[in-house]
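There are 4 protein chains.
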Amino acid sequence: MDARAYRASLNDGRRVYARGERVTDLAAHPDFAPNIERTAEVYDRFEADPEAREAFFTPPTTIEGMRHHAALHVDSATHTTYSSLMTLLTAADRIAAVRPQAAEAVAAYVAMVRDKDLRIAECITDAKGDRSRPPSQQEDKDAYLRVVERRPDGVVIRGAKLHISLAASSHELMVIPTKAMKPGEEDYAIACAVPVNAPGVSIVNVLNAAPPEGSDPRDFPFANQRAVPQGFVIFDDVFVPHERIFLDGEVKQAAVFAHSLGLWVRTSSMISMCDGFDVMVGLAQLIAEANGLERVDHIRAKISEMIIHSTLLRATLEASMVHAAKLESGVLAPSEIYTNAGKYHGAANYMVMVRHLLDIAGGSAITAPSMRDLENEDIGHLVRKYMGTRQSIDGAYRTRLFHAVHDLTTSAHGGAKYAGLLMGGGGLYAQNIVTRMRYDIERAKRMAFDAMGWSPERD
Amino acid sequence: MDARAYRASLNDGRRVYARGERVTDLAAHPDFAPNIERTAEVYDRFEADPEAREAFFTPPTTIEGMRHHAALHVDSATHTTYSSLMTLLTAADRIAAVRPQAAEAVAAYVAMVRDKDLRIAECITDAKGDRSRPPSQQEDKDAYLRVVERRPDGVVIRGAKLHISLAASSHELMVIPTKAMKPGEEDYAIACAVPVNAPGVSIVNVLNAAPPEGSDPRDFPFANQRAVPQGFVIFDDVFVPHERIFLDGEVKQAAVFAHSLGLWVRTSSMISMCDGFDVMVGLAQLIAEANGLERVDHIRAKISEMIIHSTLLRATLEASMVHAAKLESGVLAPSEIYTNAGKYHGAANYMVMVRHLLDIAGGSAITAPSMRDLENEDIGHLVRKYMGTRQSIDGAYRTRLFHAVHDLTTSAHGGAKYAGLLMGGGGLYAQNIVTRMRYDIERAKRMAFDAMGWSPERD
Amino acid sequence: MDARAYRASLNDGRRVYARGERVTDLAAHPDFAPNIERTAEVYDRFEADPEAREAFFTPPTTIEGMRHHAALHVDSATHTTYSSLMTLLTAADRIAAVRPQAAEAVAAYVAMVRDKDLRIAECITDAKGDRSRPPSQQEDKDAYLRVVERRPDGVVIRGAKLHISLAASSHELMVIPTKAMKPGEEDYAIACAVPVNAPGVSIVNVLNAAPPEGSDPRDFPFANQRAVPQGFVIFDDVFVPHERIFLDGEVKQAAVFAHSLGLWVRTSSMISMCDGFDVMVGLAQLIAEANGLERVDHIRAKISEMIIHSTLLRATLEASMVHAAKLESGVLAPSEIYTNAGKYHGAANYMVMVRHLLDIAGGSAITAPSMRDLENEDIGHLVRKYMGTRQSIDGAYRTRLFHAVHDLTTSAHGGAKYAGLLMGGGGLYAQNIVTRMRYDIERAKRMAFDAMGWSPERD
Amino acid sequence: MDARAYRASLNDGRRVYARGERVTDLAAHPDFAPNIERTAEVYDRFEADPEAREAFFTPPTTIEGMRHHAALHVDSATHTTYSSLMTLLTAADRIAAVRPQAAEAVAAYVAMVRDKDLRIAECITDAKGDRSRPPSQQEDKDAYLRVVERRPDGVVIRGAKLHISLAASSHELMVIPTKAMKPGEEDYAIACAVPVNAPGVSIVNVLNAAPPEGSDPRDFPFANQRAVPQGFVIFDDVFVPHERIFLDGEVKQAAVFAHSLGLWVRTSSMISMCDGFDVMVGLAQLIAEANGLERVDHIRAKISEMIIHSTLLRATLEASMVHAAKLESGVLAPSEIYTNAGKYHGAANYMVMVRHLLDIAGGSAITAPSMRDLENEDIGHLVRKYMGTRQSIDGAYRTRLFHAVHDLTTSAHGGAKYAGLLMGGGGLYAQNIVTRMRYDIERAKRMAFDAMGWSPERD
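Residue numbers (the numbering used here), protein chains in the order written: chain H, 1 to 459; chain F, 1 to 459; chain Z, 1 to 459; chain S, 1 to 459.
Looking at chain H on its own, in the form it has when it is part of the complex:
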């Protein structure tokens, strides 16, 4: 599929809403156009270089391969497809025993997606209703997505999936249970694949990360490239044929998919945060230099603290690869404990990075005039004059750095990015729990006794 074919593929009758209205021409709508354009570019890039596509979609089996894959700069749109495929392949192994046909269904589905070169969105979080109650105890039984009817040729599902990045601009929805289920909750133990344009599917979107409409791209260098609409996906009695069902009623295995997805999603977040932290350090140094402050002690101390956070984070990424687990397929899955501890540390301290970056930049990070003001015929020369540092650091250069700081930190994009990292793959509490689960606490207890020189059994 090339860019043109991709754009055309979106005109398939899908029901997409935004700003309170049905969207008729997705590729022309301001909330979707930039993202679709970036996705289309990747299609063209892969079309021109099939090896790059192959390299991206093939999971690594060596540590060098993991490092290489981590360094690939592919558009975020492509990542969810990769994570979805990895999730299905990883999970298929684990449910083969209880649902033999699932392995086959997964294999066929993965092959189809690759053949047709489709894009997948990950649908996991349910509406959840009253979060103090399990699915079966909700006042509204649809608060968690469930099977409402079983037919000879498949099932009918009802419910909603929230926080779905890229739903409106993908082709497929991978639908999986959000958590473990218990006996009696069989109808909620459903995993399957649904085309975006299936009857009964509606996607309501918000785009909080966007730059102000009509603004100059230089004023919002990050938002312009990265804003992604978030879909609220409604499944209003959607039929799913058997061959697209990966789990149906096996409550014990309900969490397998979410668990698999969690690891791949958090790994993506970790890689993205590692690079993002380095970008913040670099920007802090650039703006300190542009302000003439790079030698001031408290500025240097702040940059050092940023560097330490960045280095700690990268250390966890390194450790997660060195201690990767080899799956049966030979694919290397990053170590969960290091991935989770790193994700926790990064998310918990993200705003310390932001605070230092803002504090180093100073007030112009939020009040710098727009680039168009710098080019205004009347007044632009004066704005440039007063935004300049000295002859070797002119006003336009410095102003663009301020806009970058702003857009990375306190713009709508900066906020959305932070919130996404904080809550993506579960909030801090979720990482907290997974790290504890993966830690060998019995070994630590033995180490404590050894350090005391005491064996309670013996002494």
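There is no bait here: all hints are sound.
No copy labels: a pair is met if it fits in one copy or bridges any two.
Derived pair list, reagent style DSSO-like, types lysine-lysine, alpha-carbon separation capped at 30 Å:
#1 385 / 141
#2 141 / 252
#3 252 / 179
By construction, these hints were calculated from the structure, which means they are not laboratory data.
With chain H held as given, fit chains F, Z and S onto it using these hints.
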């Protein structure tokens, strides 16, 4: 002046720029209209209740008065006028000895402002150029605002003032030096008042805190009420007559105004943060209840930590009033050490409040559909269904709470608010220094010796 | 009672243990002698100045009185007696309705203690056994102190009370329930007063805060003055006559005493921490000056951060007095929310103060030679030479400062002091909970709605 | 050398002081005996197993070798010898060009140390006097150790070295400059080896980490095994022959030794902290279980946070090995940036681990009766009764855990351990600087521009 008169007063030939262009009709421009409307409302309110105006503009002389004044809910537009008047009155005392005519000039100016019921913007931060160099060592001598010509009837000033809230919608600009000056920097020791429409004055504006244009006010409940354009004010050879000059060349006194302003600005920030922290606690509790999570231990622990931060902050406000300093005029000025320590703690920990609030709210804080989506005829009923908790907590109610969380934290408004509190009245380093300066370190040293039971002089 | 009478009063047959053995001569035992000596000195001081005694034991009824009382430098031994009396008086009001005779018993007891000039230890924490179970569900029913027999003239109690400062050197034990009790736990709802030498009472002591035996007092300036033995008090079927019983079986009121004591204990902790933080700041500045480092930027930044913590803490003390609650008796009780928030902040950040102090002092804080080494005939002159900074700051002076830093931070005394502040009056979680309980969350919720400009009832 | 030979080797006329007096019988002195005994045991162990000695003293050349070496549990006494040898070998390469004879001297010295199986102490930190001044500007020129006389056969040195672990019980002192020197400071650029018993050498010791004299070893399980005296080493005109001189006057290379040592010392600290953090986690879990609190949410949350810190630290150790640098000799030197960032994080957060551990354990961590009290005939059975949790967790077991918590955190040993980790290899500021120096800031700046999609050169 009433609302109508206020609106009319803005058509005075002022040169205002935004989005790269000159603004011709200020009150109709989307960046200025909401703010002007709120300011106009306060004019009407004060017109209807002159005592309220009197109460607001009269500085307190008792602790009860301070508490009462702190509790006044007056639009932010009014606060800068109050701070400016307080600054001038406080500073006038301190420069009377070296510049007797200043006291007279200040008194006349304050009377004029009150008589005409004008609004003042505080112009303090200079362009600063290369921040490693003092004003007189800059490549561009105008990097700090200065006197470029002296005439029999006044002076001509040149330079720029940055981060000026409300500049475009006020009547007067209070211009003061940004810091202490040294011998040889006499031209930079200039404090004066300039009408916004004075020839040579241009104001370039940005409005980073605004909600997306055309968005529903319910989706951005804070941004809609509070977004304030930030002015970059250029003084391109502006004439200032003697009667509007409060300092000119007295380098030793250059910091007096900035110092005075600093206290009043930080006090405003403190009051605003105290209330803001309580609002965040309240919202955290509301969303926890709406999610059905208010009894979960880790949610309660997060809210408790928010409460502790909020209580610490309010304690510093209380202590700053209890230990207020009585000025010669009888006015009570809040204690500097408590104000600065509180401002520091609040700004340094603001994002911990935000992180907890987001973490408690969950992903819908950034992905909740818009209120218009909830009202869409096709799909609205389903969005409401899936956003609801249970019958007693419906989808519309909960969605509005999510929008409130979003707009208070990671929207453009949330980011701008945080950045403003972090950097307003100087960044963390500035509060750090002032707190140390106001702390009685000699007493602490004596306490240390006493605690050791040792007197080096004696033993 | 004067010092001599006090010392004599301890020879009353009390059963005290330490270091694995029964202590026969308390005042001569190295673990008890220093503390007994300090207590005796206070007796002599009060004997010489009865007004000072009166001032100390009279609870304040005005804010000035509270400040004055907070500033009294009375030995820690006296404080527990004060807290105990305040606790009984405060609690008596609250239980008068359900147990009329208790008010009388309290009044008589308080009068007796004052007349005889006795010292009281506060016995609250039970052994608790398995902390996941309530008193009545323990395998060993004595895990919480309880009434095991009721006689016509009183009751017999059994159990243990832990962490009892000064038990061995006081005259009276105030025994109160450690927490709220439920119906069915009547035997555990017992509050009474027991003489230290009552048959069946044994006190096992540890003294972790002591300096090494035989060490020079100048090497441990704090430990020498302040180390207090901690008693593990066993009540092995101790008879208590009716007139010494303040609660017996009223389960609903079981927590009243603990609650009252909690406030007075935490208030003492707060005052002690406020002064302690200032002492640490003073010592940090002294050692920075002695090292010649007081102008280095990162040293100043650390001292500033210490000052900010110290100022925040003092602000909570100030606010707790300004918002004190007036009891029926006219006595002012400090505001609970500010006291708890302050205690939490101080305890949670205590080690930040310590870390900065150590980091500023450098390695000699743990390796400085002893004062006796400085006086050694062979080598002392060389130790003094190399411990000196310059002629104006000699080696002996600087070494004593290092010893002070050591003894305040990482000596056995420093550790015990920290642990005492962290866990005294309940750990961080306890303060966390009390702060939340005292916070007006409903007001915060209303403030949130007001800030949103939304009333769910109306709109 | 075996244990007997080692003990005998210490009777060589060395001048050792402690507690204000000259020590005549080192092996019998309470401050030295335990440490000498542990060192002697290692001699015997290596004597019995020469391969273990070989394995320990041979530097690793593969990552597996690094991991294996990191896991060796050898007494701390041995580590300084290893670090010293590594330092000399690493440094020899770097100074060969400017001082060819140094390589030879190092080689001969290393061979001699190995042949005779000696122990070396690392002497780096000078007295430093007024720390605001360089060596040559001190009032006392001996504030930094220097050459005071040059003779045909060697040099005479004068000065003091501080914080020297194990000085009194080693055979050799490796003396190196504490920092970079400047032209004019040639006399301070001296590195050499000095026998502990060389004329003019005196060692004044303190032992702050020791348990109370006469205490039961079960009450102080860590202090008993680990307390190490700290030496203040005075060089009062000590002659050093040419063959023991490694640097003399080459100011540019003065920092090479300190730099090399720094890496090996910080690596030791890191390994020790990684294990120590796991021990704290294990102990926290053990005491939580012993208290019956292991399922309480806030206890679990604290243990999880401890686990995350522990995991972050171990990740930096892993990353430091994966990114080790290969020296010319083939030896792998751990990556400096990861080692320093890890050391910083560990030291800065050590007390968070301690605070959680204490908070989980509760007050008995500082007030638990001694093991001898538990064995007292009169009262021991009652102490055991009340220290017990339930039948399956008896009082003696639980009490030993409390003692372990105490001794690891707030005992003199706990404090000394923390201070040692905080200040060993330089304080936080030192690690902060080294991390920044090793970070590729230019790459981060390029990443920032790339992320902005902007090339200032091009656009």
